[in-house]
Amino acid sequence: MNISSLLAQALAGLDTAGTLFLVGAGLTLVFGALRIVNVAHGSLYMYGAYVGTGILGAEGILHNFLLALCAGTAVAGLLGIAIERLVLRRLYERDPVAQLLATFALLYILDDLAQVIWGAGTRSATLPGLLSGSVHIADRIYPIYGLFAIGIAGIVGAGLWALLRATRFGWRIRAALNDPELLLCTGTNVPLLRAGVLGLGAALAGLAGVVGAASQAVGPGIDASILIDAFVVAIIGGMGSIGGAAIASVLLGLVQSFGVAYAPQVVPESLFLVMIIVLVVRPQGLLGARGGAQ
Amino acid sequence: MDKPRQIPVAKILRMGPSRRTLRLATHLALTATAVAVAAGCGATGATSSSGGAKISSSSVVQIAVPAALSGPGAEIGTGAARGIEAAAAAINADGGVLGHQVQVTVKDDAGNASNALALTRSMLTSQQAVAILGSSTSATAQAEAELAREYNVPLLLWGGNDASLTSGTAGSNVFQLEPSTLMEPLASAEYLSRATTGKRYYFIAPDYSFGHDTVAAFKSSMTRLGHPVTDLGEQYVQVGQSSYASYISAAMATRPDVIYLLLFGTDEITFLQEAASYGVFKNTKVYAILGTDLETAMGKNTPAGLYLEDRAPFFLISGTQAASFVNKYRAMYHQWPDEWAFLGYSSLQVWAQAAEKAGSLSGSKVLPALTSTAFRTIRGDFTIRSCDRQAVVPDYFWRTAPVLGTTGWPEATQEFQSDASATLPQCP
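Top to bottom, those sequences are chains A and B. Position one of the first sequence corresponds to residue 1 (the numbering used here), numbered consecutively onward. Position one of the second sequence corresponds to residue 295 (the numbering used here), numbered consecutively onward.
Treat each hint with caution, since some may be false.
FRET-style restraints, in silico, Cβ to Cβ [to be verified]:
{"#": "1", "chain 1": "B", "residue 1": "Ser715", "chain 2": "A", "residue 2": "Ala58", "range": "47 to 53 Å"}
{"#": "2", "chain 1": "A", "residue 1": "Tyr92", "chain 2": "B", "residue 2": "Ser408", "range": "31 to 37 Å"}
{"#": "3", "chain 1": "B", "residue 1": "Asp501", "chain 2": "A", "residue 2": "Val135", "range": "31 to 37 Å"}
{"#": "4", "chain 1": "B", "residue 1": "Thr707", "chain 2": "A", "residue 2": "Arg35", "range": "56 to 62 Å"}
{"#": "5", "chain 1": "A", "residue 1": "Glu269", "chain 2": "B", "residue 2": "Thr419", "range": "41 to 47 Å"}
Here are some chain A residues the structure puts well away from chain B; computed CB gaps all over 10 Å [to be verified]:
{"#": "6", "residue": "Leu20"}
{"#": "7", "residue": "Ala58"}
{"#": "8", "residue": "Pro128"}
{"#": "9", "residue": "Gly151"}
{"#": "10", "residue": "Arg174"}
{"#": "11", "residue": "Ala175"}
{"#": "12", "residue": "Leu182"}
{"#": "13", "residue": "Thr186"}
{"#": "14", "residue": "Leu192"}
{"#": "15", "residue": "Leu193"}
{"#": "16", "residue": "Gly219"}
{"#": "17", "residue": "Leu279"}
{"#": "18", "residue": "Pro283"}
{"#": "19", "residue": "Leu287"}
With the C-beta cut set under 8 Å, the calculated list includes, among others, these residues of chain B facing chain A [to be verified]:
{"#": "20", "residue": "Gly365"}
{"#": "21", "residue": "Thr372"}
{"#": "22", "residue": "Ser536"}
{"#": "23", "residue": "Ala544"}
{"#": "24", "residue": "Met592"}
If you are wondering where the hints come from, they were derived from the structure by calculation, not from laboratory data. Where is the CB? At the ideal position from N, CA and C, for every residue including glycine.
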C-alpha cells in the first residue's frame, strides 16, 4: 500500500460516487417532496443512457457530447413529467403500497418499451475526443472522463443546493415537505410543483444515464441494477436529503473502492453492511430529519 | 451465467384489489399489451410461432423453445430463437422431419426459472411438443430438465452450459451441445499457454459457481500444461455493476501480464470501456469471453489485441451451410449472427437428424438416437457422448487485430480451435 495506490483508489471511488450521487439525488428529491418511492427512477436513468448512446454513436454533426447530455436529460425529464401527470397524480391520496406497485409496474413496462425501441442488444458509445484521454497522477494513469464525471456530480450537487436554498421553487419544494397545508394557503400551484419536482428528479436520472453511457455499456437490465444503488444512497443519506445523498455516495464509493483493493472478500456485502449499520445507529439516515429536502 | 429477474407485470397488477387500483391496473395492462404486441415478443410469456408456410395441424410436429426475449438475457434468447426459426424454415423447405412439418413455438421466460417451468409445461401439455430446445441460463435449463424427464422428451441445450446439467438422474434427458463449464477453462488454458508468455494473472469473474469453478479449473489446467500462473488477485463481483473503475485500479496496481475476465454482457463491455480509459491495453493483455457478442456490441470501439473466446463464432466456422446462413441472417436482420443463432440453429438440426435416424418422433425412440448419430450441422460434424450426453465440440479463440476498421469487422489474428476430445473429461 503506497500513496499513489491510495490516491488511485480514492479517485476511482469518487468516480463511482459521482454516478451514484446523480441518480440517488433524483430519487431522494422526489421522495422528499412528494413522498413517493419512484421505482421507475431506474427506467429514467436507462432512457437517458439509451438516448445518450444513440447520439454518441451517430455520425457527423449529431455526434456531440453536449447534445447527448441535453437530449438525455430532457427526454428523461419529460418522461418523468408524463409519469406524474398520467399515473402518479391519481395516486397521491392512495396508500404507499399502491404507489409502489404502480411505479414498479412502470419499471417493467418501460423496460419492455425500451427493448421495442432500441432492441435487446448491448450498446456502447465513443467518448468525445477531449474527454477520452488519460492523465498521470502520482505515477498512476487516470482517465480524464472519470475526473469529468466527478466534476459534473460536484456542479450538480452545488446547483441543487442553490436551487433548494436560494430560489422560490426550492423554497416551495421544502415547504411541500415540511408543511404542505401552509403551501396551499400561499396559493402555490401544487400540481405544477409536483410535476416540476418529478421532472427535475427524472432529469437528474437521465443526466446520470448519459454520463454513465459515455463510458459504460447500455443494455436491458441496467435500470434494475442502478435502482438498487440509488435506493442504498437515498436510504443511507436520509430519504429527502440531497446533502445526505452526497455524503452517502462518497461514503459508498470509497468503501467499495478501498474494499476492492484491500478486502475483496467482503466487497459484495459492503454496501448493504454500511446501510444496515447506518439504519441501526440512525434510522432516518445520515442527514434525514424525519423528512426534509435539505 | 445467470442473472435474476423478475416479477411479471401481470402478477403485480393482480395485487391491487380496489376499483381505482383495478382501473389503473387495466390501463397499465392495456399499455403492456400494446407494447408486447408491438414488440412481437416483448412481455414475459409472449409467443411467436414459425417454421414455414401454412400447414395443417395433423402434419405438424411441435418444438418448444423457452427463451429470454426480454430482460438482461434478451440478447441470448433473441439470437437463439432467430437461429432455430431459420433452421425450421430450412428443414421444412427440405420436406420436414419424417414427413411432418416442424413448428417452433418460442415463449419468453425473461430468463426466470419459474417462468421457464410454467411456459415449458404449457407447451408440452397443450401443444404436445416432442422436444425442448433451451435455454438462456443454467438456472432455466435446470427447471426445463425436470420437465424433460417428466414428459420423457429430450432437452437440447443451446445455452446454459453448466457441466452439472447433464449429470445424474435429473439430467438424464439433457443433451449439452456447447462446450461445458468443464471444457471451456481447459480450452482457454490451451490457447493462452500458446498465445501469450505472461505468467502474472489477475482474475475478475462473477461471484457464483461459474466464476469460481472456471478460475480454479483454468489455473490447474495451466499448471498441467507446464505453464503455471502467478495469481496476483481474484475479484468475484456481483453482476450488474454500474462502474468497474475500482476493480481496474486495483488490478493495475498489481501490474499483471494478463487479466482473465469472465464477465459478460453489459458488465464485460463496461469493464473493457473503462479499462481502455485507464490505458490497460498498453501493457496488459486481456482475455474475455463470448467474443462475438462483445464485438457486435462494441463495434469499432473494440480494443485491439483482446484475446477472445466464443462457442460458435460465425467467421471461424467454415462450410457452405454456415456461409448461406450468415448471408440470409445479414439480409434479414442487418447484423452478423451471434453464437446463440448458430447454437440455436444446430440444436434443431440435431433433434431432426436424431428423429430421422430413430424413425420416430417419440421421445423414447429419439433419446437413444441422440447418442448414436453422427450429426452434420451448421457448426460442423460432431457426435454426442453417451456417458454424459456432452457434444464433442470445440471452443474457439482469436485475438482482435491490432488495427481495427481497415477492412471491416471482424478482423482476427491468432485464431485457434480447441481439440474437443482433449478438453472433455474422461467417461467413467
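Quiz prompt | Hints violated by the structure (numbers, ascending) | solution = Hint check: 6, 16 fail, others pass.
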